[in-house]
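K.L.:
Make a model of the complete structure from these sequences and hints.
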Amino acid sequence: MEQAPTPNSRPEEPGPSEAESIETLERELDLARTELAEYQALIDELPAIYEAKFRHQVQGLAQDIKRLLDERRALQSQLDGALPSAPPDRPALPPVVLEPVEGGLPPAEEPRSRRPASLRLRRWQRGMGRSWHRVRDGALQRSRALRSSVSPRLRLPLVAVVSAFGVAALVIGVEGLRRQGAAPTTGTAPRTVTPATQQPAPPRRQDQDLTLRSRGTAWLEVQTLEGEVVYFDTLKKGEQQRIPLQEGLKVRAGRPDLLDVAIDDGPYEVLNPIHVLGWRTFMPELEPGVPPSPAPSSPMLPSPGTPTPGTPPQP
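1 is the number of the first residue of the sequence shown in the working numbering; add one for each residue after it.
Careful: at least some of the hints might be erroneous.
25 Å max Cα-Cα, derived BS3-like pairs, lysine-lysine [said to hold, decoys possible]: (1) Lys250 <-> Lys237; (2) Lys53 <-> Lys66; (3) Lys250 <-> Lys236.
Listed next, with one range per pair, are the computed distances between beta-carbon atoms [unchecked claim]: (4) Ala82 <-> Arg136: 15 to 23 Å; (5) Glu285 <-> Val229: 23 to 31 Å; (6) Leu277 <-> Leu69: 54 to 62 Å; (7) Glu71 <-> Leu170: 32 to 40 Å; (8) Asp70 <-> Arg130: 46 to 54 Å; (9) Arg126 <-> Asp70: 49 to 57 Å; (10) Gly266 <-> Thr217: 19 to 27 Å; (11) Leu61 <-> Thr217: 56 to 64 Å; (12) Ala168 <-> Val229: 54 to 62 Å.
Rather than coming from a laboratory, the hints here were simulated on the basis of the structure. Beta carbons: idealized from backbone N, C-alpha and C, even for Gly.
P.N.:
Structure, rendered in C-alpha coordinates:
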(Lines of atoms letter the chains of each structure in order from A; the text may use other names.)
(Lines give C-alpha, C1' and ligand atoms only; values in the text may rest on other atoms or scores of the structure.)
Protein backbone atom coordinates (compact mmCIF):
# COMPACT_ATOMS: atom_id res chain seq x y z
CA MET A 1 0.00 0.00 0.00
CA GLU A 2 1.07 3.55 -0.75
CA GLN A 3 2.16 5.70 2.09
CA ALA A 4 0.34 9.07 2.62
CA PRO A 5 2.53 12.18 2.50
CA THR A 6 3.55 13.44 5.86
CA PRO A 7 3.11 17.11 6.82
CA ASN A 8 6.83 17.63 6.95
CA SER A 9 7.33 16.63 3.29
CA ARG A 10 8.22 19.58 0.92
CA PRO A 11 6.84 20.04 -2.70
CA GLU A 12 9.23 19.62 -5.51
CA GLU A 13 10.87 22.89 -6.61
CA PRO A 14 10.59 23.85 -10.33
CA GLY A 15 13.59 23.36 -12.49
CA PRO A 16 15.44 26.17 -14.30
CA SER A 17 13.55 25.65 -17.60
CA GLU A 18 10.18 25.92 -15.88
CA ALA A 19 11.24 29.12 -14.12
CA GLU A 20 12.27 30.72 -17.42
CA SER A 21 8.95 29.81 -19.04
CA ILE A 22 7.07 31.28 -16.09
CA GLU A 23 9.04 34.53 -16.35
CA THR A 24 8.35 34.68 -20.10
CA LEU A 25 4.63 34.22 -19.50
CA GLU A 26 4.67 36.95 -16.85
CA ARG A 27 6.41 39.37 -19.22
CA GLU A 28 3.92 38.61 -22.01
CA LEU A 29 1.08 39.06 -19.55
CA ASP A 30 2.43 42.46 -18.47
CA LEU A 31 2.85 43.49 -22.12
CA ALA A 32 -0.71 42.42 -22.91
CA ARG A 33 -2.01 44.36 -19.91
CA THR A 34 -0.10 47.46 -21.11
CA GLU A 35 -1.53 47.21 -24.64
CA LEU A 36 -4.99 46.64 -23.21
CA ALA A 37 -4.65 49.79 -21.11
CA GLU A 38 -3.54 51.78 -24.18
CA TYR A 39 -6.47 50.48 -26.24
CA GLN A 40 -8.85 51.31 -23.44
CA ALA A 41 -7.47 54.85 -23.28
CA LEU A 42 -7.93 55.24 -27.05
CA ILE A 43 -11.49 53.93 -26.82
CA ASP A 44 -12.22 56.43 -24.05
CA GLU A 45 -10.83 59.27 -26.21
CA LEU A 46 -12.90 58.41 -29.34
CA PRO A 47 -16.18 60.07 -28.20
CA ALA A 48 -14.32 63.26 -27.31
CA ILE A 49 -12.56 63.31 -30.70
CA TYR A 50 -15.79 62.83 -32.68
CA GLU A 51 -17.59 65.37 -30.51
CA ALA A 52 -14.86 67.96 -31.15
CA LYS A 53 -15.02 67.35 -34.92
CA PHE A 54 -18.81 67.62 -34.91
CA ARG A 55 -18.69 70.87 -32.94
CA HIS A 56 -16.13 72.29 -35.37
CA GLN A 57 -18.30 71.45 -38.38
CA VAL A 58 -21.47 72.75 -36.74
CA GLN A 59 -19.70 75.96 -35.76
CA GLY A 60 -18.56 76.56 -39.37
CA LEU A 61 -22.07 75.87 -40.67
CA ALA A 62 -23.60 78.22 -38.12
CA GLN A 63 -21.18 80.98 -39.15
CA ASP A 64 -22.11 80.50 -42.82
CA ILE A 65 -25.83 80.67 -42.01
CA LYS A 66 -25.31 83.81 -39.96
CA ARG A 67 -23.32 85.45 -42.76
CA LEU A 68 -26.05 84.63 -45.31
CA LEU A 69 -28.73 86.07 -43.03
CA ASP A 70 -26.71 89.27 -42.59
CA GLU A 71 -26.29 89.62 -46.35
CA ARG A 72 -30.02 89.05 -46.87
CA ARG A 73 -30.89 91.77 -44.35
CA ALA A 74 -28.44 94.17 -46.01
CA LEU A 75 -29.88 93.49 -49.48
CA GLN A 76 -33.43 93.89 -48.19
CA SER A 77 -32.58 97.24 -46.60
CA GLN A 78 -30.91 98.43 -49.82
CA LEU A 79 -33.93 97.41 -51.89
CA ASP A 80 -36.30 99.13 -49.47
CA GLY A 81 -34.28 102.33 -49.75
CA ALA A 82 -33.94 102.15 -53.54
CA LEU A 83 -37.58 101.47 -54.44
CA PRO A 84 -39.80 104.60 -54.50
CA SER A 85 -42.63 104.78 -52.03
CA ALA A 86 -46.26 104.63 -53.17
CA PRO A 87 -47.78 108.03 -54.11
CA PRO A 88 -50.40 109.44 -51.74
CA ASP A 89 -54.06 108.97 -52.58
CA ARG A 90 -55.49 111.87 -54.57
CA PRO A 91 -58.96 113.25 -53.82
CA ALA A 92 -61.70 112.23 -56.24
CA LEU A 93 -62.59 114.80 -58.90
CA PRO A 94 -66.06 116.36 -58.73
CA PRO A 95 -68.56 115.16 -61.33
CA VAL A 96 -68.76 117.24 -64.50
CA VAL A 97 -72.21 118.42 -65.60
CA LEU A 98 -72.58 118.95 -69.33
CA GLU A 99 -74.73 121.93 -70.26
CA PRO A 100 -76.42 122.24 -73.65
CA VAL A 101 -74.73 124.62 -76.04
CA GLU A 102 -76.85 127.39 -77.53
CA GLY A 103 -77.05 127.44 -81.28
CA GLY A 104 -76.39 123.73 -81.73
CA LEU A 105 -73.13 121.96 -82.29
CA PRO A 106 -70.27 123.76 -84.03
CA PRO A 107 -69.77 122.89 -87.68
CA ALA A 108 -67.60 119.90 -88.27
CA GLU A 109 -64.14 120.58 -89.58
CA GLU A 110 -63.42 119.69 -93.13
CA PRO A 111 -61.37 116.52 -93.48
CA ARG A 112 -57.74 117.23 -93.91
CA SER A 113 -56.09 116.21 -97.09
CA ARG A 114 -53.95 113.14 -96.67
CA ARG A 115 -50.29 114.07 -96.58
CA PRO A 116 -47.83 112.31 -98.86
CA ALA A 117 -46.11 109.23 -97.53
CA SER A 118 -42.72 110.96 -97.50
CA LEU A 119 -43.98 113.77 -95.21
CA ARG A 120 -45.65 111.29 -92.88
CA LEU A 121 -42.45 109.24 -92.77
CA ARG A 122 -40.36 112.29 -91.92
CA ARG A 123 -42.74 113.33 -89.15
CA TRP A 124 -42.66 109.79 -87.79
CA GLN A 125 -38.87 109.80 -87.88
CA ARG A 126 -38.71 113.12 -86.02
CA GLY A 127 -41.19 111.86 -83.44
CA MET A 128 -39.21 108.66 -82.95
CA GLY A 129 -36.02 110.68 -82.55
CA ARG A 130 -37.61 112.92 -79.91
CA SER A 131 -39.10 109.91 -78.12
CA TRP A 132 -35.73 108.17 -78.12
CA HIS A 133 -34.01 111.25 -76.69
CA ARG A 134 -36.67 111.58 -74.00
CA VAL A 135 -36.38 107.90 -73.09
CA ARG A 136 -32.60 108.16 -72.98
CA ASP A 137 -32.62 111.33 -70.86
CA GLY A 138 -35.17 109.84 -68.48
CA ALA A 139 -33.14 106.65 -68.17
CA LEU A 140 -29.98 108.64 -67.46
CA GLN A 141 -31.73 110.71 -64.79
CA ARG A 142 -33.20 107.62 -63.15
CA SER A 143 -29.85 105.86 -63.25
CA ARG A 144 -28.14 108.88 -61.62
CA ALA A 145 -30.83 109.02 -58.94
CA LEU A 146 -30.55 105.32 -58.24
CA ARG A 147 -26.76 105.38 -58.30
CA SER A 148 -26.64 107.43 -55.12
CA SER A 149 -29.07 105.17 -53.25
CA VAL A 150 -28.22 101.74 -54.66
CA SER A 151 -25.17 99.86 -53.48
CA PRO A 152 -22.39 99.00 -55.98
CA ARG A 153 -23.47 95.36 -55.90
CA LEU A 154 -26.93 96.19 -57.34
CA ARG A 155 -25.74 98.97 -59.67
CA LEU A 156 -24.53 96.74 -62.50
CA PRO A 157 -27.83 94.75 -62.91
CA LEU A 158 -29.87 97.99 -63.01
CA VAL A 159 -27.60 99.53 -65.64
CA ALA A 160 -27.87 96.33 -67.71
CA VAL A 161 -31.69 96.40 -67.55
CA VAL A 162 -31.85 100.07 -68.60
CA SER A 163 -29.42 99.46 -71.46
CA ALA A 164 -31.45 96.46 -72.64
CA PHE A 165 -34.64 98.55 -72.75
CA GLY A 166 -32.85 101.27 -74.71
CA VAL A 167 -31.43 98.84 -77.24
CA ALA A 168 -34.85 97.19 -77.69
CA ALA A 169 -36.50 100.56 -78.37
CA LEU A 170 -33.78 101.47 -80.87
CA VAL A 171 -34.14 98.14 -82.71
CA ILE A 172 -37.93 98.51 -82.91
CA GLY A 173 -37.58 102.04 -84.29
CA VAL A 174 -35.04 101.05 -86.93
CA GLU A 175 -37.18 98.10 -88.03
CA GLY A 176 -40.23 100.36 -88.40
CA LEU A 177 -38.22 102.86 -90.44
CA ARG A 178 -36.96 100.12 -92.69
CA ARG A 179 -40.45 98.76 -93.32
CA GLN A 180 -42.06 102.13 -94.00
CA GLY A 181 -39.18 103.52 -96.04
CA ALA A 182 -38.93 100.47 -98.32
CA ALA A 183 -40.04 101.36 -101.84
CA PRO A 184 -42.74 99.17 -103.41
CA THR A 185 -41.20 96.54 -105.61
CA THR A 186 -42.28 96.52 -109.23
CA GLY A 187 -42.76 93.34 -111.19
CA THR A 188 -39.45 92.29 -112.62
CA ALA A 189 -38.71 89.39 -114.87
CA PRO A 190 -37.21 86.42 -112.99
CA ARG A 191 -33.56 85.78 -113.54
CA THR A 192 -32.89 82.84 -115.75
CA VAL A 193 -30.47 80.28 -114.35
CA THR A 194 -28.57 78.25 -116.87
CA PRO A 195 -28.05 74.73 -115.50
CA ALA A 196 -24.48 73.56 -115.55
CA THR A 197 -23.77 70.92 -118.12
CA GLN A 198 -22.71 67.65 -116.52
CA GLN A 199 -19.37 66.59 -117.89
CA PRO A 200 -18.76 62.86 -118.29
CA ALA A 201 -16.22 61.36 -115.92
CA PRO A 202 -12.78 61.08 -117.54
CA PRO A 203 -11.54 57.54 -118.14
CA ARG A 204 -9.25 56.10 -115.50
CA ARG A 205 -6.87 53.18 -115.45
CA GLN A 206 -8.34 49.78 -114.57
CA ASP A 207 -5.10 47.86 -114.08
CA GLN A 208 -3.92 49.40 -110.81
CA ASP A 209 -3.82 47.67 -107.44
CA LEU A 210 -3.98 48.95 -103.88
CA THR A 211 -1.33 47.41 -101.60
CA LEU A 212 -1.94 47.38 -97.82
CA ARG A 213 0.94 46.53 -95.48
CA SER A 214 0.58 46.22 -91.70
CA ARG A 215 3.21 47.10 -89.09
CA GLY A 216 1.12 45.69 -86.26
CA THR A 217 -2.10 43.84 -85.49
CA ALA A 218 -5.11 45.85 -86.70
CA TRP A 219 -8.49 45.13 -88.28
CA LEU A 220 -9.02 46.36 -91.83
CA GLU A 221 -12.12 47.06 -93.96
CA VAL A 222 -12.15 47.90 -97.67
CA GLN A 223 -15.27 48.93 -99.60
CA THR A 224 -16.08 50.15 -103.08
CA LEU A 225 -17.36 53.68 -103.62
CA GLU A 226 -20.92 52.26 -103.68
CA GLY A 227 -20.46 50.66 -100.21
CA GLU A 228 -19.88 47.03 -101.22
CA VAL A 229 -17.49 45.25 -98.83
CA VAL A 230 -14.41 43.97 -100.66
CA TYR A 231 -12.20 42.91 -97.75
CA PHE A 232 -12.74 42.70 -93.99
CA ASP A 233 -10.16 40.92 -91.83
CA THR A 234 -7.36 41.41 -89.30
CA LEU A 235 -3.81 41.92 -90.52
CA LYS A 236 -0.90 40.98 -88.31
CA LYS A 237 2.55 42.50 -88.26
CA GLY A 238 4.37 42.01 -91.57
CA GLU A 239 1.29 40.85 -93.52
CA GLN A 240 0.11 42.66 -96.63
CA GLN A 241 -2.92 42.53 -98.91
CA ARG A 242 -3.16 43.49 -102.59
CA ILE A 243 -6.62 44.48 -103.90
CA PRO A 244 -7.58 45.65 -107.44
CA LEU A 245 -8.32 49.38 -107.31
CA GLN A 246 -10.88 49.32 -110.18
CA GLU A 247 -13.06 52.49 -110.02
CA GLY A 248 -11.88 53.44 -106.52
CA LEU A 249 -11.83 52.08 -102.98
CA LYS A 250 -12.53 53.26 -99.42
CA VAL A 251 -10.28 52.05 -96.60
CA ARG A 252 -10.47 52.30 -92.81
CA ALA A 253 -8.67 50.47 -90.00
CA GLY A 254 -8.68 50.12 -86.22
CA ARG A 255 -5.06 51.29 -86.03
CA PRO A 256 -4.60 53.47 -89.12
CA ASP A 257 -1.17 54.57 -87.90
CA LEU A 258 0.11 50.96 -88.27
CA LEU A 259 -1.13 50.52 -91.85
CA ASP A 260 0.91 51.61 -94.90
CA VAL A 261 -0.84 52.08 -98.25
CA ALA A 262 0.57 52.27 -101.78
CA ILE A 263 -0.85 52.25 -105.32
CA ASP A 264 0.96 49.75 -107.53
CA ASP A 265 4.70 50.13 -106.96
CA GLY A 266 4.44 53.68 -105.63
CA PRO A 267 5.78 54.86 -102.29
CA TYR A 268 4.08 53.70 -99.10
CA GLU A 269 2.35 56.20 -96.84
CA VAL A 270 0.51 55.93 -93.53
CA LEU A 271 -3.23 55.48 -93.95
CA ASN A 272 -4.28 58.02 -91.28
CA PRO A 273 -3.15 59.32 -87.89
CA ILE A 274 -4.09 57.23 -84.88
CA HIS A 275 -7.03 59.48 -83.93
CA VAL A 276 -8.62 59.45 -87.42
CA LEU A 277 -10.73 56.28 -87.80
CA GLY A 278 -12.81 57.39 -90.77
CA TRP A 279 -12.72 56.37 -94.39
CA ARG A 280 -9.99 57.33 -96.82
CA THR A 281 -10.71 57.15 -100.55
CA PHE A 282 -8.20 56.04 -103.19
CA MET A 283 -8.84 56.68 -106.90
CA PRO A 284 -6.95 55.23 -109.88
CA GLU A 285 -4.89 57.49 -112.08
CA LEU A 286 -6.23 58.97 -115.32
CA GLU A 287 -5.51 57.34 -118.61
CA PRO A 288 -2.36 58.66 -120.32
CA GLY A 289 -3.07 61.65 -122.54
CA VAL A 290 -6.38 62.58 -120.86
CA PRO A 291 -6.38 66.17 -119.54
CA PRO A 292 -7.78 66.77 -116.05
CA SER A 293 -11.47 67.59 -115.96
CA PRO A 294 -12.22 71.32 -115.60
CA ALA A 295 -13.99 72.65 -112.55
CA PRO A 296 -17.80 72.73 -112.93
CA SER A 297 -18.99 76.09 -114.18
CA SER A 298 -21.29 78.06 -111.94
CA PRO A 299 -24.77 79.07 -113.23
CA MET A 300 -24.72 82.23 -115.29
CA LEU A 301 -26.53 84.98 -113.41
CA PRO A 302 -26.97 88.51 -114.77
CA SER A 303 -25.14 91.21 -112.89
CA PRO A 304 -27.19 93.43 -110.57
CA GLY A 305 -26.86 96.46 -112.88
CA THR A 306 -27.84 94.66 -116.11
CA PRO A 307 -31.54 95.17 -116.98
CA THR A 308 -33.49 92.05 -117.80
CA PRO A 309 -35.74 91.86 -120.88
CA GLY A 310 -39.06 93.56 -120.33
CA THR A 311 -37.81 95.60 -117.36
CA PRO A 312 -37.16 99.34 -117.70
CA PRO A 313 -33.71 100.45 -116.55
CA GLN A 314 -33.62 101.70 -112.99
CA PRO A 315 -32.25 105.22 -112.43
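K.L.:
The structure should be examined with respect to each hint, and the outcome stated for every one.
P.N.:
Results of checking the hints against the structure:
For the given pair, lysine 250 sits about 22 Å from lysine 237 by alpha-carbon distance, which is consistent with the 25 Å threshold. The hinted pair formed by lysine 53 and lysine 66 meets the criterion: a straight-line CA distance of about 20 Å does not exceed 25 Å. Proposed proximity of lysine 250 and lysine 236 is supported: the alpha carbons are some 20 Å apart, at most 25 Å. As the Cβ distance of alanine 82 to arginine 136 is approximately 21 Å, the hint placing it in 15 to 23 Å holds.
With their beta carbons about 24 Å apart, glutamate 285 and valine 229 fall inside the hinted range of 23 to 31 Å. At roughly 57 Å, the beta-carbon separation of leucine 277 and leucine 69 lies within the given 54 to 62 Å, and the hint holds. As the Cβ distance of glutamate 71 to leucine 170 is approximately 36 Å, the hint placing it in 32 to 40 Å holds. Distance hint for aspartate 70 and arginine 130: a CB-CB separation of about 47 Å, consistent with the stated range 46 to 54 Å.
Between arginine 126 and aspartate 70 the Cβ separation comes to about 53 Å, which falls inside the hinted range of 49 to 57 Å. Between glycine 266 and threonine 217 the beta carbon distance is about 25 Å. The supplied range of 19 to 27 Å therefore holds. Evaluation of the 56 to 64 Å hint for leucine 61 and threonine 217 yields a pass: the beta carbon distance comes to about 58 Å. Judged by the Cβ atoms, the range 54 to 62 Å given for alanine 168 and valine 229 holds: they are separated by roughly 59 Å.
Checked against the numbered hints listed earlier, the structure breaks none of them; every hint is satisfied.
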